[in-house]
Amino acid sequence: MTERKTIQFSEETMALVQRVINRYPEGKQKSALLPLLHIAQAEFDGWLSPEVMDYVASILDIQPIEVYEVATFYTMYNLQPVGKCLIEVCRTGPCWLRGADDIVEHFEKKLGIKDGETSADGMFTLKTVECLGSCGTAPMLQCGAEFYENLTPEKVDTLIDKLKASDKRSSYMRSNKVM
Amino acid sequence: MGKQLLLQHLNVPGIETFDFYRKNGGYASVEKALKTMTPDAVTEEVKKSGLRGRGGAGFPAGMKWSFLDRKSDKPRYLVCNADESEPGTFKDRYLMEKIPHLLVEGMITSSYALGAKTSYIYIRGEYMYIVRILEKAIDEAYANGFLGKNILGTDYSLDLYVHPGAGAYICGEETALLESLEGKRGNPRLKPPFPAVAGLYASPTVVNNVETIAAVVPIVNMTGDEYAKIGIGKSTGTKLISASGHINKPGVYEIELGLPVEEFIYSDEYCGGIWKRRKLKAVVAGGSSVPILPADLILKTAKGDQRLMTYESLSDGGFISGTMLGSGGFIVMDETACIVRNLWTFTRFYHHESCGQCSPCREGTGWMEKVLHRIEHGHGQMHDIDLLVDVAKKIEGNTICPLGDAAAWPVASAIRHFREEFEYHVRFPEKVMNPKHFEIEPFAAEPVGA
Chain A
1 MTERKTIQFS
11 EETMALVQRV
21 INRYPEGKQK
31 SALLPLLHIA
41 QAEFDGWLSP
51 EVMDYVASIL
61 DIQPIEVYEV
71 ATFYTMYNLQ
81 PVGKCLIEVC
91 RTGPCWLRGA
101 DDIVEHFEKK
111 LGIKDGETSA
121 DGMFTLKTVE
131 CLGSCGTAPM
141 LQCGAEFYEN
151 LTPEKVDTLI
161 DKLKASDKRS
171 SYMRSNKVM
Chain B
1 MGKQLLLQHL
11 NVPGIETFDF
21 YRKNGGYASV
31 EKALKTMTPD
41 AVTEEVKKSG
51 LRGRGGAGFP
61 AGMKWSFLDR
71 KSDKPRYLVC
81 NADESEPGTF
91 KDRYLMEKIP
101 HLLVEGMITS
111 SYALGAKTSY
121 IYIRGEYMYI
131 VRILEKAIDE
141 AYANGFLGKN
151 ILGTDYSLDL
161 YVHPGAGAYI
171 CGEETALLES
181 LEGKRGNPRL
191 KPPFPAVAGL
201 YASPTVVNNV
211 ETIAAVVPIV
221 NMTGDEYAKI
231 GIGKSTGTKL
241 ISASGHINKP
251 GVYEIELGLP
261 VEEFIYSDEY
271 CGGIWKRRKL
281 KAVVAGGSSV
291 PILPADLILK
301 TAKGDQRLMT
311 YESLSDGGFI
321 SGTMLGSGGF
331 IVMDETACIV
341 RNLWTFTRFY
351 HHESCGQCSP
361 CREGTGWMEK
371 VLHRIEHGHG
381 QMHDIDLLVD
391 VAKKIEGNTI
401 CPLGDAAAWP
411 VASAIRHFRE
421 EFEYHVRFPE
431 KVMNPKHFEI
441 EPFAAEPVGA
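In the order they appear, the protein sequences are chains A and B.
With this note's numbering, letter number 50 in the first sequence gets 50, and the count goes up by one each step, no holes.
With this note's numbering, letter number 421 in the second sequence gets 421, and the count goes up by one each step, no holes.
None of these hints come from the bench; they were simulated from the model.
Treat the hints with caution; some may be incorrect.
Stated by the list, open to error - Partner residues are not named here, just some residues of chain B that face chain A (Cβ under 7 Å, in silico): (1) A166; (2) V197; (3) A202; (4) G245; (5) K249; (6) E335; (7) C358.
What the hints assert, rightly or not - Listed next, the in silico DSS-like pairs over lysine-lysine satisfying Cα-Cα at most 30 Å (straight line): (8) A:K127 x B:K249; (9) A:K114 x B:K431; (10) B:K436 x A:K155; (11) B:K370 x A:K28; (12) A:K28 x B:K117; (13) B:K136 x A:K168; (14) B:K276 x A:K155; (15) A:K84 x A:K114; (16) B:K436 x A:K114; (17) A:K155 x B:K117; (18) A:K30 x B:K191; (19) A:K109 x B:K35; (20) A:K110 x B:K136; (21) A:K109 x B:K184.
No experiment lies behind these values; they were computed from the predicted model shown.
For glycine and all other residues, C-beta sits at the position ideal for the given N, C-alpha and C.
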């Protein structure tokens, strides 16, 4: 039997959660759902398990289904475990015009995985995504909160080395103190 | 350099901080509005300015404000649409990142005009790093008495919050945005009722784009009449243009509306011409949703007039020979670009982003993507081209929100202006199987060795 991690925000995170909830009028706490799912994903290993979603539902006093339907709608919520570094390469028109395909291909070769796959060591997940609003600095990718722009195969190599060396989980939120 | 009303202090070191922003004339519009003007007088200035919504639709902002139900006893809300997701558009990101206080100032002045006591900035989740930049600016505004209770000693109070989305283009549609802000899926609402009557929490709400709200600052400072003198005709003021694609200088440029398109593309002040000394092939002038135009029609109208960067000039000729200013996402393609492949990426985008609520859009975008995929990869048939036109026609006008139209227009216009190129893909499958086909040999109706 695998040991189950207790799902519970740290005290510090809970304080942030409370601050976020307070931004919305009384009785409209459901408005905090999207931000809370971001916070939960950052706190619980980069993805939203059904248990984590149930926990968020209990905090907001809403039905679990209300969380599931939202979590499945928005692309930034991972419903499966992902690699430590989630590499999201933009491939829509303006990025494609500036060579996004070459960047994806370079990643695939370098990491030995295809779009949507996770490397065997669990370090990288490669994902192609739609427009990230960085068309003037194309091609580009997002890893956590960071944008990496004007990419070349050389820059990709440097980035991979940097990410491997830091060995940190990528997160859209840089710290759990602010949002 | 043309007139700068939004980005004039862009290069002032420290402009992202309250102190430097204030030293450069920042927050003057808040002082002027709260201390010397009634809320209705501020709305009046915005009306006089002729400012049109900068998110893409171009609806007169002052008129939108005047629709707000002021008789309701419910609280009123101003929500800033910072969900910028239209391919080719990155101006709001630029503005928020470089001069966050301009948006905060615009939010305060606009909220005062509308009588909102709580306002939200809904920002796309991918811009999470900007959430922090905005929150820092908001904290500074609170600390200096420009937000919170009794702003500048007046009886006006306002709270301002940033709310991140989580990856959904559809949330740029204002009613989907409000659904999302209420913690739901981003499914657009049926209208009426319009947000002005029943928006956020069924209360009267105005939703405006980042750039629209920022433009309120110079309008209040200089007066609506003065602002209306800038630009041409009904295209008043300045506009942020996001320039991308095959140009020497991609980036965000603030232009005075009325600038010739040719000057914008070739002047070193702006795009700096086509990269690699290549020729201009086509332009998508206002974000991926607007009709694509070939080089001759983007530089001159069908009548032979010089094409200008205005709402009117860009749409001259309707959809037969014109396009739209849209969000100002200006995507430039050189002679090596494949119109079919570019369109396939756009259609894939709309298929991915369709919320799935209306059948024509949910199914149609998927079909268009599939058919374009097979044409682009050398498996197309001649009748596929008309099939695409037919599907696009059946989506257009048959959906709750404009995403369906936005998905249909690029397809219809690409085939209208570049049909030969689609036919080429069907006729020479072995040539197009290489994804870089037109980089190897630019498109010609009869290729070498055919």
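Results of checking the hints against the structure:
1. Annotation: interface hint on A166 (chain B) holds; nearest CB of chain A at approximately 4 Å, less than 7 Å.
2. Here the hint on V197 (chain B) is broken, as its CB sits about 18 Å from the closest CB of chain A, past 7 Å.
3. Because the beta carbon of A202 (chain B) sits about 11 Å from the nearest beta carbon in chain A, more than 7 Å, this interface hint is broken.
4. About 5 Å separates the beta-carbon of G245 (chain B) from the nearest beta-carbon of chain A, less than 7 Å, and the hint is met.
5. For K249 (chain B), the shortest C-beta to C-beta distance to chain A is roughly 9 Å, which exceeds 7 Å, and the interface hint is violated.
6. About 12 Å separates the beta-carbon of E335 (chain B) from the nearest beta-carbon of chain A, more than 7 Å, and the hint is not met.
7. At its closest, the beta carbon of C358 (chain B) sits 15 Å from a beta carbon of chain A; the interface hint therefore is violated under the 7 Å criterion.
8. Between K127 (chain A) and K249 (chain B) the alpha-carbon distance is near 28 Å, which keeps this suggested pair within the 30 Å criterion.
9. Distance hint between K114 (chain A) and K431 (chain B) is fulfilled; the C-alpha atoms sit about 25 Å from each other, no more than 30 Å.
10. Using a Cα cut-off of 30 Å, the hinted pair K436 (chain B) and K155 (chain A) holds, with the two alpha carbons roughly 22 Å apart.
11. Our distance criterion of 30 Å between C-alpha atoms is broken by K370 (chain B) and K28 (chain A), whose separation comes to about 41 Å.
12. Using a Cα cut-off of 30 Å, the hinted pair K28 (chain A) and K117 (chain B) holds, with the two alpha carbons roughly 16 Å apart.
13. A C-alpha spacing of about 25 Å is found between K136 (chain B) and K168 (chain A), which places the hinted pair at or below 30 Å, so the restraint holds.
14. For a cut-off of 30 Å, the pair hint linking K276 (chain B) to K155 (chain A) stands: about 21 Å separates their Cα positions.
15. Our distance criterion of 30 Å between C-alpha atoms is met by K84 (chain A) and K114 (chain A), whose separation comes to about 16 Å.
16. For the hint pairing K436 (chain B) with K114 (chain A), the CA-to-CA distance comes to about 20 Å; that is within 30 Å, so the pair holds.
17. With a CA separation close to 47 Å, the supplied pair K155 (chain A) and K117 (chain B) exceeds the 30 Å bound.
18. For the proposed pair K30 (chain A) and K191 (chain B), the alpha carbon gap of about 23 Å is at most 30 Å, so the pair holds.
19. A hinted pair counts as satisfied when its Cα atoms are at most 30 Å apart, and K109 (chain A) with K35 (chain B) does not qualify at roughly 63 Å.
20. As the CA atoms of K110 (chain A) and K136 (chain B) are separated by approximately 39 Å, the hinted pair breaks the 30 Å bound.
21. Restraint check for K109 (chain A) and K184 (chain B): not satisfied, since their Cα atoms lie roughly 39 Å apart, outside the 30 Å limit.
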